[in-house]
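Number of protein chains: 2
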Amino acid sequence: MSVNTRILLKQRSRGIPREQDFELVNVAADSPAAGELRGETLYLSLDPYLRGKISGRHLSGAVNEGGLMAGEALSRVVESKSDKFKEGDIIAAHSGWQSHPVINADSARAVNPELGPLSTLLGISGMPGLTAYAGMTRLAELKPADVVVVSAASGPVGSMVGQIAKQRGCHVVGVAGSNEKCRWVVEQAGFDDCINYREEALRDGLKRTCPGGIDVYFDNVGGDVLQASMEQLALGARVILCGLMAQYNINEMPPGPNPAFTIKARATVRGLVVYDHEDLRPEFEQQVSAWLKQGKIKYKEDMVEGLEAAPGLFCRLMRGENFGKAIVKVAEQ
Amino acid sequence: MSVNTRILLKQRSRGIPREQDFELVNVAADSPAAGELRGETLYLSLDPYLRGKISGRHLSGAVNEGGLMAGEALSRVVESKSDKFKEGDIIAAHSGWQSHPVINADSARAVNPELGPLSTLLGISGMPGLTAYAGMTRLAELKPADVVVVSAASGPVGSMVGQIAKQRGCHVVGVAGSNEKCRWVVEQAGFDDCINYREEALRDGLKRTCPGGIDVYFDNVGGDVLQASMEQLALGARVILCGLMAQYNINEMPPGPNPAFTIKARATVRGLVVYDHEDLRPEFEQQVSAWLKQGKIKYKEDMVEGLEAAPGLFCRLMRGENFGKAIVKVAEQ
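So the sequences go chain by chain: A and B. Throughout the first sequence, residue numbering follows our numbering, covering 1 to 333 in sequence. Throughout the second sequence, residue numbering follows our numbering, covering 1001 to 1333 in sequence.
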């Protein structure tokens, strides 16, 4: 009998999650029924939106106390009771924090390992990359002379946003939380500038780097960075609201920027949810695969090994201490 | 020597303006120099944005203490030193609260008295009407099945917004501050419903009248009405931010709604400033004139007589106690 290692939510986190909020259990691995498959998890993706599921207020649903922690993962099919997949296929599914998930074949998606390094399919070539791509190609109305600002700039969404904008000829400024991250953003990802908000007041940093105002602001965090950016929009600015890291760890819903900033700039502010843009995925995957092969896109991963390391990395992610896409390598490819 | 009666800002208002913040003076009327004209003011428009000029923070500039109160007015030309206008022409200009302004001809605009009752050129056929028209035709991406909500619904912008939406087949709900206003909005202006926010909790009223959510929210007030509306947006909603009556009388800039509401609804939020849409005016004027002649548009005016009545009406407007477009009839047409 094979074992399935699972990590459960022991108790809903209050504030920033701690490792003791999670619990590892070993259970007998289930067998797939008709239409199902059993996978061996290779890579597990840890993403900020999971904090909302722990609180029970994310639009994709809640994780309950005692329940399996949620998350997208790449798995190798080890047993299939579905015509859609065969043993050895690599699939992506929201199969959660477990080593040997049983997955309904209809909720799994085949991935093409030829597209690039497999782990990138959870980051720059996966959901975060698609988020950035949808935002920049569909919502940003990007023009070559635009001054583009993006928060969480060294993360998988932010770094892709900035690199797409650079390819379109824009002037790109990142916001990140350490000098090491800022250095990577400028020297590796090719941004024009990066503000370390822990060392420079945001308003000063934005004035210094965007003296003519911000044309496009892609927001992954909300809170103070959103507020400071709204105050310095150029006329006709576009703002994409995508993530709310600044408020994931608090229970009340804080207020946002005054509407006067939107009026003054005649800005267009749009909400982005990646689930709406699934139709873009084939085009996006081909594009990002080509960029990766041509060396045109840089990415950074913060990878740990072993499923048991997931809670620790997730807690670091929620403290903003990770650097790059948070990924757990669960088993060898 | 003829007299020019002027109303000055005696002191910057703190909170809601009071009549003693203004001062009436009689001075000798100036004569026009080359390129100028002298007018006799017929109708003076009082609008909420003037409160921002008193505070010195409106994007069109400030009114200083001791300075002439600003405002758009219709005048008859009584003396012209410009080729552009002749005696007897009716013009619109931002000539302020005075009976006999001297106006640079380049800053005046001829108006066509055939378009409709002259006073409407300051309301439904003028700047407020154009504001509504630009918002609904350019920014709202209106669809016939949309549920449209508009605040300050009995005012010149709000009543026009709702009536344009009704003409396009939308379901239209107003928000206003008295049962009398709500009755007019439904019975005269033809809205489907109207919430009196002084008698029914806004969130309840919006749930009752828009059970499937709000597709288009046209905001003239900000504050609580904006917050409650953002909480009940339908997927793909469009929000037009136009006025901020809720904060004109306070000095600090209060926060706005949390960005999560925009994200959850995948909403598009746009800032509207009517000055950007001057190019629409000819089309708009022809359209609204036809509607007026066909009886297809209703409007309500709150008109007082005599320039000396301007401060009282302005203070009522800023207390939300006016009903309809605030206009001062200064002289007989």
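It cannot be assumed that every hint is accurate.
Anything over 12 Å on all C-beta distances counts as not near chain A; from chain B, calculated [unchecked claim]:
#1 Glu1019
#2 Leu1024
#3 Met1127
#4 Arg1198
#5 Gln1247
#6 Ala1267
Okay, the calculated bits of chain A under chain B, using three or more residues with CB under 8 Å as the criterion [claimed, not checked]:
#7 74–82
#8 123–134
#9 237–250
#10 253–261
Beyond 12 Å from chain B on every Cβ pair, some chain A residues (computed) [claimed, not checked]:
#11 Arg12
#12 Arg57
#13 Pro144
#14 Lys264
#15 Pro282
Honestly, the hints are just simulated from the structure, not real lab data. Where a beta carbon is used, it is the ideal one built from N, C-alpha and C, also for glycine.
Outcome of the hint check:
1. Glu1019: 27 Å, holds
2. Leu1024: Consistent with the label, Leu1024 of chain B stays out of reach of chain A, its closest Cβ about 32 Å off (over 12 Å).
3. Met1127: 16 Å, holds
4. Arg1198: 22 Å, holds
5. Gln1247: Violated, since 8 Å does not exceed 12 Å.
6. Ala1267: 5 Å, violated
7. 74–82: Violated - the region 74–82 of chain A has 0 residues with a Cβ nearer than 8 Å to chain B, which falls short of three.
8. 123–134: violated (count 0)
9. 237–250: Since 4 is at least three, the answer is holds.
10. 253–261: That given contact holds, which follows from 8 residues of the region 253–261 of chain A lying within Cβ reach (below 8 Å) of chain B.
11. Arg12: Since the minimum Cβ distance to chain B is about 19 Å, Arg12 of chain A lies beyond 12 Å and the statement holds.
12. Arg57: 9 Å, violated
13. Pro144: 23 Å, holds
14. Lys264: For Lys264 of chain A, whose nearest Cβ neighbour in chain B is about 6 Å away, the distance does not exceed 12 Å, so it is violated.
15. Pro282: 22 Å, holds
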